[in-house]
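Undergrad: Each chain is listed here by its residues.
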Amino acid sequence: MERQTVFTLLDVERTYELGKAGWFGKSRGRLKALDGVRLELRRGDSLALVGESGSGKSTLVRIMLGLEPASDGRVLYGQHDLGQLDPAARKRFAREVAFIYQNARGSMNPRLRIADILAEPIRLHRLRPEAEMTGRVAELLARVGLPAEMAERFPNELSGGQIRRVAIARALAAEPQVIMADESVAGLDVSVQAQVLNLLRDLCREGGITLVFITHDLGVASYLCERIAVLYLGRIVEQGPTGAILGNPRHPYTRGLMQAFPKFGAPLTAPLKGEIPSPVNLPQGCRFAGRCPEARDACRETDPVLAEQAGRQVACHFPLEVAQ
Amino acid sequence: MQTATIQTAAPLLEVSDFSLHRGAAAVLDRVGLTLRPGETLGLIGESGAGKSTLAMAVIGLLREPEVGLSGSLRFHGEELTGLAEARYRKLRGNRIGLIFQDATAALNPCYTVGAQIAEPLRRHLGLSKWDARERAVELMTSVGIPEPRLRLNAYPHELSGGMQQRVMIAIALACNPELLLADEPTSALDVTIQAQIMELILERVRALNSSAIFVLHDLALGAQVCDRIAVMYAGQIVEEGPSAEVLARPLHPYTRGLKSCVVELGSEDLQPIPGQVPPLNAMPEGCRFAPRCPKAQDVCRRERPAPETRDGRQVACWFID
Numbered sequence: 001m002e003r004q005t006v007f008t009l010l011d012v013e014r015t016y017e018l019g020k021a022g023w024f025g026k027s028r029g030r031l032k033a034l035d036g037v038r039l040e041l042r043r044g045d046s047l048a049l050v051g052e053s054g055s056g057k058s059t060l061v062r063i064m065l066g067l068e069p070a071s072d073g074r075v076l077y078g079q080h081d082l083g084q085l086d087p088a089a090r091k092r093f094a095r096e097v098a099f100i101y102q103n104a105r106g107s108m109n110p111r112l113r114i115a116d117i118l119a120e121p122i123r124l125h126r127l128r129p130e131a132e133m134t135g136r137v138a139e140l141l142a143r144v145g146l147p148a149e150m151a152e153r154f155p156n157e158l159s160g161g162q163i164r165r166v167a168i169a170r171a172l173a174a175e176p177q178v179i180m181a182d183e184s185v186a187g188l189d190v191s192v193q194a195q196v197l198n199l200l201r202d203l204c205r206e207g208g209i210t211l212v213f214i215t216h217d218l219g220v221a222s223y224l225c226e227r228i229a230v231l232y233l234g235r236i237v238e239q240g241p242t243g244a245i246l247g248n249p250r251h252p253y254t255r256g257l258m259q260a261f262p263k264f265g266a267p268l269t270a271p272l273k274g275e276i277p278s279p280v281n282l283p284q285g286c287r288f289a290g291r292c293p294e295a296r297d298a299c300r301e302t303d304p305v306l307a308e309q310a311g312r313q314v315a316c317h318f319p320l321e322v323a324q
Numbered sequence: 001m002q003t004a005t006i007q008t009a010a011p012l013l014e015v016s017d018f019s020l021h022r023g024a025a026a027v028l029d030r031v032g033l034t035l036r037p038g039e040t041l042g043l044i045g046e047s048g049a050g051k052s053t054l055a056m057a058v059i060g061l062l063r064e065p066e067v068g069l070s071g072s073l074r075f076h077g078e079e080l081t082g083l084a085e086a087r088y089r090k091l092r093g094n095r096i097g098l099i100f101q102d103a104t105a106a107l108n109p110c111y112t113v114g115a116q117i118a119e120p121l122r123r124h125l126g127l128s129k130w131d132a133r134e135r136a137v138e139l140m141t142s143v144g145i146p147e148p149r150l151r152l153n154a155y156p157h158e159l160s161g162g163m164q165q166r167v168m169i170a171i172a173l174a175c176n177p178e179l180l181l182a183d184e185p186t187s188a189l190d191v192t193i194q195a196q197i198m199e200l201i202l203e204r205v206r207a208l209n210s211s212a213i214f215v216l217h218d219l220a221l222g223a224q225v226c227d228r229i230a231v232m233y234a235g236q237i238v239e240e241g242p243s244a245e246v247l248a249r250p251l252h253p254y255t256r257g258l259k260s261c262v263v264e265l266g267s268e269d270l271q272p273i274p275g276q277v278p279p280l281n282a283m284p285e286g287c288r289f290a291p292r293c294p295k296a297q298d299v300c301r302r303e304r305p306a307p308e309t310r311d312g313r314q315v316a317c318w319f320i321d
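First to last, the sequence lines map onto chains A and B. Take the first sequence: its position 323, counting from 1, is numbered 323 in the UniProt record's numbering, and each next residue is one higher. Take the second sequence: its position 94, counting from 1, is numbered 94 in the UniProt record's numbering, and each next residue is one higher.
None of these hints come from the bench; they were simulated from the model. From the three backbone atoms N, C-alpha and C, an ideal C-beta is built for every residue, glycine too. It is possible that some hints are incorrect.
Some residues of chain B that are not near chain A, with every Cβ distance over 10 Å (derived) [what the hints assert, rightly or not]:
(1) 37
(2) 59
(3) 65
(4) 79
(5) 105
(6) 147
(7) 149
(8) 154
(9) 196
(10) 248
(11) 264
(12) 270
(13) 272
(14) 282
(15) 299
Pair ranges (Cβ atoms, derived) [what the hints assert, rightly or not]:
(16) B:206 x A:280: 34 to 44 Å
(17) A:78 x B:149: 55 to 65 Å
(18) A:277 x B:310: 43 to 53 Å
(19) B:110 x A:130: 47 to 57 Å
(20) B:208 x A:277: 30 to 40 Å
(21) A:175 x B:275: 29 to 39 Å
(22) A:148 x B:104: 31 to 41 Å
(23) B:9 x A:109: 55 to 65 Å
(24) A:277 x B:155: 17 to 27 Å
(25) A:241 x B:104: 35 to 45 Å
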């Protein structure tokens, strides 16, 4: 049986006008943060959005959360256009789709105790009567592996790993169907990172939660998610099942990211030269051509489209060969 | 690298029985290390292990009255622990270079990049304003900053994170230091830029025939860039030796535990180390890792194991197998 579609993105584009140089000056151009993004997310999927800073990962998630509108294209949640939800549907959407912010500590009111931080979404959506609140908070804390005494603490009394767990517990408090997480393990020590990753993985596997995970770390993406979408300058350059992509990357950017990933027993290599260019006034042709070791003339002239091949989608004129 | 010559050369940096106290808490506890000329050493461990503290103590940035130092830190045979501040200033930025984790915070936002690179050149090498400027252009070229003459007049905020880190490297290496300390030089950068910056640091360090100490939390990166690795836990060095061997066949349970937490491409199962690093004011009596160690016995909880030499490395554990 086909699983239910949760999100459908049809050629989503997001541009920002940069304003004018002075009062009467010329426009300084447009920043294209996302361009022609097509994505489908089904119930129970786990999708990692991977790319360097400036690739548009966070913008994409903000659009999927309805925090900002798409400049062009459509975002469907189920069958409905996200921009046209009525207030009641909008509130239901807010309950069903939870977001875990990158800066977990900054996303919490420092004057509230953990108990109140976790109770807030429950009260807002009237999910439990007040009498059951203490029990529910303890249950949520237990779910993320924290002792019930934590409920009485303030956010600044918690360590980095604990605060991430509270952020996950708060996302779970609304009993969501989809969780979106922005770099939720970045900057954690490896042992704490492993704990948080295992927790998120259990939630997806046992809780049937659909996960969208932003990360710049391919290792984390492969551990957590069954599908990967690699973004470069606002465009998906390769997407498909994690195993297929990491086993045989076809886009040179994906391969570059993989090679730059530190590995035991392999020498240090920096396969990609230069930095991600500014997304203002993009050149024609493939956006990656300037850094691509495989670039040819055709790449600088026409922009490749995302096309189905070898069990995934790739946007490249000269995709890498599949190894035997 | 010619290992034979490294082994016989006089040590550049010798840390022996070095402790650093804040109040009653031992932030560093009887640390011992030797770094020879041309060697790269990685300090690896979780936050709170004391990696950065050790690096900052070496460069003499932890000298407030409330910090208690004991044991010895010798740089070229010169004792650093009681060194006069005036003498230390002649070492810092000159014979010992430093790269901080956060270049945005470390660079002065009010001065141009060119002025900041020129500063150590003028101060330590006594170059004229014009010569320092010319040398700054050369340094910027050597760290791969495009159009250096143009960037000389740029302020730090006008550069990307990767470019700012390159500027920091240029400053740290301006006076051809014998020792470079790099505190998490790439943890704020993308992996692609991380690889570029690490390659650059290694290339420059080798070109100058300097030694380097890297503070890292990424084990795999440590294996790639360091000749030797010292694994730290709660202010102590628990295992130290050639990086390839330490990480391929860890002997200390903590090193083993850390390694099984590392996410690699295609990792199947991560096994986190249970528990947390104990707080500094409540360190266990014996081995500091005992409360989290799967192999801990009574002796571990009673007495601290002394570092033992095993297969060319130092391991502090009662039960090395």
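Undergrad: With d taken as the least Cβ-Cβ distance between residue 149 of chain B and chain A, does d exceed 10 Å?
TA: holds (19 Å)
Undergrad: Just want to verify: residue 248 of chain B was marked as not at the interface with chain A; is every Cβ pair farther apart than 10 Å?
TA: violated (7 Å)
Undergrad: Note whether the CB distance of residue 9 of chain B and residue 109 of chain A lies within 55 to 65 Å or breaks it.
TA: holds (57 Å)
Undergrad: Given the hint of 29 to 39 Å, is the C-beta distance from residue 175 of chain A to residue 275 of chain B inside that range or not?
TA: Check passed, 30 Å falls within 29 to 39 Å.
Undergrad: With d taken as the least Cβ-Cβ distance between residue 65 of chain B and chain A, does d exceed 10 Å?
TA: The claim holds: residue 65 of chain B sits with its nearest Cβ about 28 Å from chain A, beyond 10 Å.
Undergrad: Confirm or reject the statement that residue 196 of chain B sits farther than 10 Å, beta carbon to beta carbon, from all of chain A.
TA: violated (4 Å)
Undergrad: Minimum Cβ separation between residue 299 of chain B and chain A greater than 10 Å?
TA: holds (24 Å)
Undergrad: Since residue 264 of chain B was said not to touch the interface, does its Cβ keep a gap of more than 10 Å from each Cβ of chain A?
TA: Given that some Cβ of chain A is not farther than 10 Å from that of residue 264 of chain B, nearest at about 6 Å, it is violated.
Undergrad: Between residue 241 of chain A and residue 104 of chain B, is the Cβ distance one that fits in 35 to 45 Å?
TA: holds (38 Å)
Undergrad: Going by Cβ atoms, does residue 37 of chain B stay more than 10 Å from chain A at every point?
TA: It holds; residue 37 of chain B is separated from chain A by about 22 Å at its closest Cβ, greater than 10 Å.
Undergrad: Do the Cβ positions of residue 110 of chain B and residue 130 of chain A conform to the proposed distance bound of 47 to 57 Å?
TA: holds (54 Å)
Undergrad: Non-interface claim for residue 282 of chain B: all C-beta distances to chain A beyond 10 Å?
TA: Check passes; 15 Å lies beyond 10 Å.
Of the numbered hints given earlier, the model fails hints 9, 10, 11, 12, 13; all others are met.
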